[in-house]
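If you're matching them up, the sequences are chains A and B in order. Using the numbering used here, the first residue of the first sequence is number 68, and each one after it goes up by one. Using the numbering used here, the first residue of the second sequence is number 1270, and each one after it goes up by one.
Keep in mind the hints are simulated off the structure, nothing from the lab. Note that the coordinates shown come from a computational prediction; the quantities given were computed from them, not determined experimentally. One or more hints might be untrue.
Straight-line Cα separation of at most 16 Å, EDC-like style, residue types lysine to aspartate or glutamate; simulated pairs [as the list claims (entries may be wrong)]:
no.: 1; chain 1: B; residue 1: K1727; chain 2: A; residue 2: D81
no.: 2; chain 1: A; residue 1: K263; chain 2: A; residue 2: E370
no.: 3; chain 1: B; residue 1: K1686; chain 2: A; residue 2: E380
no.: 4; chain 1: B; residue 1: K1830; chain 2: B; residue 2: D1856
no.: 5; chain 1: A; residue 1: K263; chain 2: A; residue 2: D81
no.: 6; chain 1: B; residue 1: K1727; chain 2: A; residue 2: E377
no.: 7; chain 1: B; residue 1: K1382; chain 2: B; residue 2: E1392
no.: 8; chain 1: B; residue 1: K1521; chain 2: A; residue 2: D396
no.: 9; chain 1: A; residue 1: K263; chain 2: A; residue 2: D396
no.: 10; chain 1: A; residue 1: K310; chain 2: A; residue 2: D337
no.: 11; chain 1: B; residue 1: K1521; chain 2: B; residue 2: D1688
no.: 12; chain 1: A; residue 1: K384; chain 2: B; residue 2: D1548
no.: 13; chain 1: B; residue 1: K1882; chain 2: B; residue 2: D1783
no.: 14; chain 1: B; residue 1: K1619; chain 2: B; residue 2: E1319
no.: 15; chain 1: B; residue 1: K1521; chain 2: B; residue 2: E1319
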Amino acid sequence: MSESNTANKLSPKDFSSDQDVRWCPGCGDYSILKQVQTIMPEIGVPREDIVFISGIGCSSRFPYYMNTFGMHSIHGRATTIASGLKAVRPELSVWIITGDGDSLSIGGNHLIHLLRRNFNVNILLFNNQIYGLTKGQYSPTSEQGKRTKSTPHGSLDHPFNPLALCMGADATFVSRTMDRDPKQLRSVLMQANQHKGTSLVEIYQNCNVFNDGTFARFTDKRTKEESTIFIEDGKPLIFDQGKRGIVLDGFNPKIVDMEGRSADDLWIHDVNDRVKAEILTRFFEDPSDETALPRPFGVFYQEDRPCYEEMLEQQVKEAEDRSSNRNLDQLLRGNRTWWAE
Amino acid sequence: MAKDPKVLDEVTILFAGDSGDGIQLTGNQFSDNTALYGNDLSTFPDFPAEIRAPLGTVEGVSGFQIHFGTREIFSPGDKCDVLVAMNAAAFKKNFRRLKPRGTIIVNTSGFDKRNLKLAHYPEDAEPLEGLEGYQLTKMDVTKLTREALKDIKLGTKEKDRCKNMFVLGYVYWMYNRTLESTIDFLTSKFKNKTDILEANVASLKAGFHFGDTLETFRSRYEVRPAAMPPGEYRNVMGNQATVLGLVAAAEKSNLPLFYGSYPITPASDILHQLSSYRDFGVKTFQAEDEIAAIGAAIGASFGGHLAVTASSGPGIALKGEAIGLALMLELPLVIVNVQRGGPSTGLPTKTEQADLFQAMYGRNGEAPVPVVAAHSPTDCFDAVFQATKLAIEHMTPVFFLSDGYIANGAEPWRFPKSDELEKISPRFADLPAKENETFLPYERDENGVRPWSIPGMKGLEHRVGGLEKEDGSGNVSYDPDNHEKMVKLRQEKVDKIADFIPEQSLDQGPETGDVLIVGWGSTYGTIKIAVNEMLEEGYSVAHAQIRYLNPFPKNLGEILKSYKKVLVPEINNGQLVKILRAEYLVDAQPLNKIKGVPFEAAEIKNAVLEILKS
């Protein structure tokens, strides 16, 4: 590996490949690409040690635009390819680019298995609640009743709550961010990169062609403050420009008015608290409901747990240490041989 | 005093019993003992798919056939000389496999009313009556074993589990063997369970002495060691040889081995064995499904390791899309298919050769993949080694085909020395010579092979993917001419492998003549026996067994056209025969058997006689 300071000299532009970006004008993916390219020089990894791996879908074109090693693979399977790569090359910085269809529908199985194994990789899950590349069918995160090309009478599927699913799969880093908030996006990406283990970053991303405005309530200036809450470790759950906060009544979160109340009385976010993180992922009601809890953004949960590739290396090392005189000839001979004259 | 043993040239024994009777273990022990004794041998285990099939039923019968001799042995044998039947169901299922005047050894306690009923014999049937002409040895193995173990403090159930050792001991006596190899095995297997060890050894010895004490006009036999080519030998099963071939290829290519797999019969033993070779730097990964298994292998290959995945037909079907990706990325990958009866779940524990078309054509688009097939348990080593060499040196996924018959069958192996094995040379990319030169990941050498550039190689950052790519740069391209060019280039790369594989040779027989028998895979031994006999009888018959099925050896067409007739025996409904007809416009005739079991030599001989008449 080269020294990490060579990466520090690079600029975001150095991470942009010579290929024209071909997303629709106005797509949320542009912002995500830009923020990722912006943080790359800051993560302290030489460019040749960075790998972006994607599946299939609009977002999965992403690796073509990064001047790093990259692979645009097959639908739903980026997680599997990243697992194999990380298993043999633990020193690489591996980023998985996926969408709601890629990771939660066709690749749903692989996602939960990657999370439980805890390979040290970062997953950027672009969630736009629609199939874009196939031109507008509902996705596993689309709201029930959604009318799309494939559901003219409204979809019947109950949608996934992606972060609750990830908590259920014992993910060690669970976070949410959005395309329209570059600063927060960069901050979550940096935290995801620093986390040792599988970092799941759900990114609300607007598809302005097939599902425009699906997250408008969380991104639009007029409604953002009352509909979202930005969570930070050790900080109280406060939102709506400081006017309202969240308290926990037993296991029930409640919205309270801040008038005459100290922030110290509020729910203080603790990223290491699994039970509370699970409650936070359940802040998932229909945002148009006036009484709905605000949608949280930020790092929900973080846990230190050994990574698969580290344990694998350890097993190999221990086995090699135990049998220092291993050699192929011995292996081919086996335990019992005889001679024919 | 024991009589002098009768000397025989070759013997086939079929051990059969309930799946819980320990038949496979008994058979494997007898095989090891036979190998160490110096006979040539070939084995064929045949067991039900159910882990604990209903007790005493015909469906639950497990069998293990071993053919051994003083002369060279090519197959586990057609009919057996000796049938060991632990119960009525085993007898009912296998009696027809016994040669006329053959020897039958039965456990009479397995022929009580209950067992006869479970085996669906008619109410008053007496299957052990009327066997004049056969050499029948009846023994109440349950009673004898319990008797032998009466001083050992174990439950009846545990004692009854030693029945197989009693029978094994008796068969050792019959063939004039010693017990050491099995006592060694038991000592290591039960090193922490002294009472179980003691019981098994006591039962084994009791069976052996039973032979002496049986007032007997029964003979003991001796099959003297075979005159094998000089050298050091071991016993090996097909799946074991596959594992050793892969580890050897990793060493000779100087690449660490990564194995991504999902358990499936009959390929799982490859995973089991490879997972114990961490000390060889082998990384095994039991994935969540077949697709993840190959996905992980592709990731490892992208990372510069020797990547392997294995499965059987149904699992290979699931891997299809990812095989296409590996082919598009032009990364080395070894795909092992230990074939079993299909389609769908089919016959998981039975053998078949019906996945040749799947290996050749089972992907979307124009997707050529080289195919290499092993023809015997020991040949798995050489064939998988060669398959791996092709994958690495030609930057392509390669299929290695084995099947349930050779995967679980065993034979003596004159294993090679590591320095006799060929070197395998990965074609890693050179770092760019000049400062501002653009790296072209799909720039090919004279053999159409692109360089292997892996993460960590500074200045060689590039993107690959499943979309059609521009020749040279690898950038996404929808250009119509480029697509046609790339399809042709990928085909050409596979075709050029014909320059790197040996020419097809004849196994035996004249270079021109009446009939050529063309086989592939596990039919080898049986065809060889049939051709041997027919050559002795003066027929003009030759035999070629094809290892390289895609691309074919360059001289194959020549050979096919040197005979009046071509016969292609396959354990399927006719696959290689169709490819040969399409490729070479020869009137090759199929001979097909699709019963989950190998051919018998007589079946092949009959087909040759038939074709000679026509």
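Verification of the supplied hints:
Straight-line distance between C-alpha atoms of K1727/B and D81/A comes to about 14 Å, which keeps the hinted pair within the 16 Å bound. About 9 Å separates the Cα atoms of K263/A and E370/A, which keeps this hinted pair within 16 Å; it holds. Of the pairs offered as hints, the one joining K1686/B and E380/A is violated, with about 29 Å between alpha carbons and a cut-off of 16 Å exceeded. For the hint linking K1830/B to D1856/B, the alpha-carbon distance of about 10 Å falls within 16 Å, and the restraint holds.
Our distance criterion of 16 Å between C-alpha atoms is broken by K263/A and D81/A, whose separation comes to about 26 Å. This hinted pair does not check out: K1727/B and E377/A have alpha carbons roughly 24 Å apart, beyond 16 Å. Between K1382/B and E1392/B the alpha-carbon distance is near 8 Å, which keeps this suggested pair within the 16 Å criterion. Taking the CA atoms of K1521/B and D396/A, the gap is near 12 Å; set against the 16 Å cutoff, the hint holds.
Between the alpha carbons of K263/A and D396/A the distance comes to roughly 40 Å, so the proposed pair goes past 16 Å and is violated. Straight-line distance between C-alpha atoms of K310/A and D337/A comes to about 21 Å, which puts the hinted pair past the 16 Å bound. Taking the CA atoms of K1521/B and D1688/B, the gap is near 9 Å; set against the 16 Å cutoff, the hint holds. Only pairs whose Cα atoms come within 16 Å are accepted, and K384/A paired with D1548/B is accepted, the gap being roughly 8 Å.
A C-alpha spacing of about 11 Å is found between K1882/B and D1783/B, which places the hinted pair at or below 16 Å, so the restraint holds. A C-alpha spacing of about 12 Å is found between K1619/B and E1319/B, which places the hinted pair at or below 16 Å, so the restraint holds. Straight-line distance between C-alpha atoms of K1521/B and E1319/B comes to about 40 Å, which puts the hinted pair past the 16 Å bound.
The structure shown violates the earlier hints numbered 3, 5, 6, 9, 10, 15.
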